[in-house]
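Enquirer: Sequence:
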Amino acid sequence: MRVIQSILPSLLVLCGATALETRAADLLMLQISESEQRYRIEARFLVDAPLAVVHALLTDYEQLSRLSPSILESKVVATPTPTQVRVKTRIRACVLIHCQTLRRVEDVRESPRRLVAVIVPEQSDFAAGR
Numbered sequence: 001m002r003v004i005q006s007i008l009p010s011l012l013v014l015c016g017a018t019a020l021e022t023r024a025a026d027l028l029m030l031q032i033s034e035s036e037q038r039y040r041i042e043a044r045f046l047v048d049a050p051l052a053v054v055h056a057l058l059t060d061y062e063q064l065s066r067l068s069p070s071i072l073e074s075k076v077v078a079t080p081t082p083t084q085v086r087v088k089t090r091i092r093a094c095v096l097i098h099c100q101t102l103r104r105v106e107d108v109r110e111s112p113r114r115l116v117a118v119i120v121p122e123q124s125d126f127a128a129g130r
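Just so it is clear: in the sequence shown, position 3 is 3 by the numbering used here, and no numbers are missing.
Be a bit skeptical, because a hint or two may be false.
Label-pair restraints from in silico Cβ distances [said to hold, decoys possible]:
1. I32 - C99: 15 to 21 Å
2. L96 - A56: 16 to 22 Å
3. R114 - I32: 19 to 25 Å
4. T59 - A128: 21 to 27 Å
5. Q37 - D60: 32 to 38 Å
6. P69 - E36: 27 to 33 Å
7. D26 - T83: 28 to 34 Å
Note that these hints are calculated values from the structure, not bench results.
These numbers were taken from a predicted model, which means no experiment stands behind them.
Built from N, CA and C at the ideal position, the CB exists for glycine as well.
Work the whole structure out from these sequences, hints included.
Expert: Structure follows, in structure tokens:
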């Protein structure tokens, strides 16, 4: 199954992550669109926590399962530069009663206020994604 996913925070919201370390998160916007069998999921949410805490949680790649029960496993597979990391996750995605375990490998670029994750399709069950 090849699907398109957006950025990590969007996935966390859709997978049911409503808190980061017991701090509340409010969904501000959720848009899902489809074009030529590609799906775009965009979400914005406000987390009641300092930016540094949220950034630290989102970049603790070995412990991403703490953010959502849908993330079964996560690990760093490469760190080409101090601000780039390749992360492999195994996630459990469900639509109604159909569930599937999917493999996702992403190249993540880090900056103090932004994380950009781009799926590596040849190593993932996803055709593309950012």
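Enquirer: Which earlier hints can't be squared with this structure?
Expert: 2
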